[in-house]
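Enquirer: Sequence:
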Amino acid sequence: MEALDSLGLTGMGFISQIVNFVAIMLLLNALLYKPVSKALIARRERIAQGIKDADQAGKARAEAEQEGNKILEEARVEASRVTAQATQDADKVRQDIISRANEEAMRIRTEAQEEGEAQKAEALASASRQIAELSMLGAQRILGRELQQDVDQDQLIADLMAGQNRS
Numbered sequence: 027m028e029a030l031d032s033l034g035l036t037g038m039g040f041i042s043q044i045v046n047f048v049a050i051m052l053l054l055n056a057l058l059y060k061p062v063s064k065a066l067i068a069r070r071e072r073i074a075q076g077i078k079d080a081d082q083a084g085k086a087r088a089e090a091e092q093e094g095n096k097i098l099e100e101a102r103v104e105a106s107r108v109t110a111q112a113t114q115d116a117d118k119v120r121q122d123i124i125s126r127a128n129e130e131a132m133r134i135r136t137e138a139q140e141e142g143e144a145q146k147a148e149a150l151a152s153a154s155r156q157i158a159e160l161s162m163l164g165a166q167r168i169l170g171r172e173l174q175q176d177v178d179q180d181q182l183i184a185d186l187m188a189g190q191n192r193s
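Residue numbers (the working numbering): 27 to 193.
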């Protein structure tokens, strides 16, 4: 105990210092350590939650970006399909228009040919009648008599036509 006495510590003083030390430790533990420890634990939990939320947000952003890219790709495919369909429809309409125009041109050409042939036949018939009449007049002058309307005239026309076809 002499060593303790030389340090100025007596038995009762030593016990009171130990009691004081324990009391201060309990007081510091209650007033500082526990609140600071709780604050640090709460801060650690908030940081961990923030990291977790950031990871989830990163994953959500990546998923949203993938979904956006998928939607864009689908839109591109749909736009290509619509463009191809519009081109195909336009080609079909163009072909229909060309087909109708060709049919109309063919109809007009056929009508014109038929009309031309009808006019030609009418002109030939008219010319044949005029030739026949002129021939009858010429024959009447040459023969000096009138031909019977049906028999002689038909025979004379047939003979005249046969002569024309030979030349």
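Watch out, some of these pointers could steer you wrong.
Claimed, not checked - Think about it this way: if two alpha-carbon atoms lie no more than 20 Å apart in a straight line, the pair counts; the simulated EDC-like pairs of lysine to aspartate or glutamate are: (1) 118 - 99; (2) 78 - 89; (3) 64 - 81; (4) 118 - 100.
Stated by the list, open to error - Pair by pair, the computed Cβ-Cβ distance ranges are: (5) 121 - 98: 33 to 39 Å; (6) 56 - 80: 32 to 38 Å; (7) 76 - 109: 44 to 50 Å; (8) 116 - 137: 28 to 34 Å; (9) 84 - 108: 32 to 38 Å; (10) 119 - 160: 32 to 38 Å.
Hints are computed from structural coordinates only; laboratory data are not their basis. Just so you know, even glycine gets a beta-carbon here, dropped at the ideal spot from N, CA and C.
Enquirer: Confirm or reject each hint.
Expert: Cross-check of the supplied hints:
In summary, the hint linking residue 118 to residue 99 is not supported, as the alpha carbons are separated by about 28 Å, beyond the 20 Å threshold. Note on residue 78 and residue 89: the hinted pairing holds, with a Cα-Cα distance of about 16 Å set against a maximum of 20 Å. With a CA separation close to 25 Å, the supplied pair residue 64 and residue 81 exceeds the 20 Å bound. Distance restraint check for residue 118 and residue 100: the Cα-Cα separation of roughly 26 Å exceeds the 20 Å cut-off, and the hinted pair is therefore not satisfied.
Between residue 121 and residue 98 the beta carbons are some 34 Å apart, a value that agrees with the proposed interval 33 to 39 Å. Range check, residue 56 to residue 80: about 36 Å between beta-carbon atoms, so the 32 to 38 Å window is met. The given range of 44 to 50 Å is respected by residue 76 and residue 109, whose C-beta atoms sit roughly 48 Å from each other. Against the hinted window of 28 to 34 Å, the Cβ-Cβ separation of residue 116 and residue 137 comes to about 31 Å, which satisfies the hint.
Judged by the Cβ atoms, the range 32 to 38 Å given for residue 84 and residue 108 holds: they are separated by roughly 36 Å. As the Cβ distance of residue 119 to residue 160 is approximately 60 Å, the hint placing it in 32 to 38 Å is violated.
Violation of the numbered hints given earlier is confined to hints 1, 3, 4, 10; the remaining hints are satisfied by the structure.
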